[in-house]
Amino acid sequence: MADQKKAKFHQPEGDHLTLLAVYNAWKNNKFSAPWCYDNFVQARTLKRAQDVRKQLLGIMDRHKLDVVSCGKKTALVQKAVLSGFFRNAAKKDPQEGYRTLVDQQVVYLHPSSALFNRQPDWVVYHELVMTTKEYMREVTTIDPKWLVEFAPKFFKFGDPTKLSKAKRSMKVEPLHNKYEEKDSWRISRVPRKFHVKVTF
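If you're matching positions, the sequence shown starts at 12 in the working numbering and goes up one per residue.
It should be emphasised that the hints constitute simulated quantities derived from the structure, not laboratory data. In this text the structure is predicted, and so the values were computed from the model without any measurement. There may be inaccurate statements among the hints.
[What the hints assert, rightly or not] Heads up, simulated PhoX-like pairs for lysine-lysine below, C-alpha to C-alpha not over 25 Å straight-line:
(1) 75 x 17
(2) 65 x 84
(3) 102 x 84
(4) 19 x 83
(5) 41 x 83
(6) 17 x 38
(7) 90 x 75
[Claimed, not checked] Pairwise CB distance ranges, derived in the manner of DEER restraints:
(8) 132 x 43: 31 to 41 Å
(9) 117 x 79: 37 to 47 Å
(10) 138 x 13: 14 to 24 Å
(11) 68 x 161: 31 to 41 Å
(12) 62 x 117: 33 to 43 Å
(13) 115 x 62: 36 to 46 Å
(14) 77 x 144: 26 to 36 Å
(15) 15 x 69: 35 to 45 Å
(16) 42 x 145: 28 to 38 Å
(17) 161 x 114: 17 to 27 Å
(18) 46 x 122: 22 to 32 Å
(19) 36 x 66: 18 to 28 Å
All C-beta atoms in this analysis are idealised placements derived from N, C-alpha and C, irrespective of residue type, glycine included.
All chains, please: the whole structure from these sequences, using the hints.
What follows is the structure, encoded as structure tokens:
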């Protein structure tokens with residue numbers, strides 16, 4: 012019953028837009044606590060999201076920034092998520108699960124994800140949680156071209172003529188050194204060898 016109620020909010024783009032759909036449904040129901048109970052949603056968590064939203068609106072107001080809804084242009088939300096979490100990009104692995112682009116770690120979609128039954132080719136995740144497997148939490152689909160668009164210091168288009176046969180089939184050439192400091196890629200400090208090359 013709970014899973015069926017939650018599934019009606021699932022968005023094809025992933026968990027972040029699913030959470031937004033839940034918030035908007037709550038808003039349309041006048042921020043009702045009984046609505047949360049009926050839909051197996053935690054009212055306290057939604058209230059916290061509402062408080063954060065108010066804080067962000069206050070910041071935007073102070074800086075005289077217009078608040079513009081993305082409407083049905085969901086790619087804007089996907090790109091916003093990617094721009095903050097590009098290091099957490101992963102590609103579907105033909106053998107099992109997904110592989111992170113940065114260190115080729117095997118990870119999986121959590122069964123509670125809106126994307127669990129879809130298994131898209133490219134995703135970005137919020138965090139990893141280890142239980143029986145290494146699961147991605149809060150996952151959103153992405154277009155791999157956005158990686159180069161939003162993180163040009165970290166990702167580059169690969170030259171397919173210079174990739175090995177195995178890499179060509181994978182279409183990704185990871186060159187990032189996972190033993191380097193987390194922020195060693197930033198600005199002018201990034202050496203070429205820390206780029207991840209992406210081909211299509």
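Each hint, compared with the structure:
1. About 37 Å separates the Cα atoms of residue 75 and residue 17, which puts this hinted pair outside 25 Å; it is violated.
2. For the hint pairing residue 65 with residue 84, the CA-to-CA distance comes to about 22 Å; that is within 25 Å, so the pair holds.
3. Only pairs whose Cα atoms come within 25 Å are accepted, and residue 102 paired with residue 84 is accepted, the gap being roughly 23 Å.
4. With a C-alpha separation of about 18 Å, the suggested pairing of residue 19 with residue 83 holds against the 25 Å cut-off.
5. With a C-alpha separation of about 22 Å, the suggested pair residue 41 and residue 83 falls inside the 25 Å cut-off, and the hint holds.
6. For the proposed pair residue 17 and residue 38, the alpha carbon gap of about 16 Å is at most 25 Å, so the pair holds.
7. Simply put, residue 90 and residue 75 have alpha-carbon atoms about 23 Å apart, close enough for the 25 Å limit, and the pair holds.
8. Judged by the Cβ atoms, the range 31 to 41 Å given for residue 132 and residue 43 holds: they are separated by roughly 38 Å.
9. Look at residue 117 against residue 79: about 39 Å separates their beta carbons, and that is inside 37 to 47 Å.
10. Checked against the hint of 14 to 24 Å, the pair residue 138 and residue 13 passes, with Cβ atoms roughly 23 Å apart.
11. A C-beta distance of roughly 24 Å is found between residue 68 and residue 161, which places it outside the suggested range of 31 to 41 Å.
12. For the pair residue 62 and residue 117, the beta carbons lie near 37 Å from each other, so the given range of 33 to 43 Å is met.
13. With their beta carbons about 39 Å apart, residue 115 and residue 62 fall inside the hinted range of 36 to 46 Å.
14. The beta-carbon spacing between residue 77 and residue 144, approximately 43 Å, falls outside the hinted interval of 26 to 36 Å.
15. Against the hinted window of 35 to 45 Å, the Cβ-Cβ separation of residue 15 and residue 69 comes to about 38 Å, which satisfies the hint.
16. Checked against the hint of 28 to 38 Å, the pair residue 42 and residue 145 passes, with Cβ atoms roughly 36 Å apart.
17. A beta carbon spacing of about 20 Å between residue 161 and residue 114 agrees with the range 17 to 27 Å that was offered as a hint.
18. For residue 46 paired with residue 122, a C-beta distance near 25 Å keeps the hint of 22 to 32 Å intact.
19. In this structure, residue 36 and residue 66 meet the distance hint of 18 to 28 Å, their C-beta atoms being roughly 22 Å apart.
Checked against the numbered hints given earlier, the structure breaks hints 1, 11 and 14 and satisfies all the rest.
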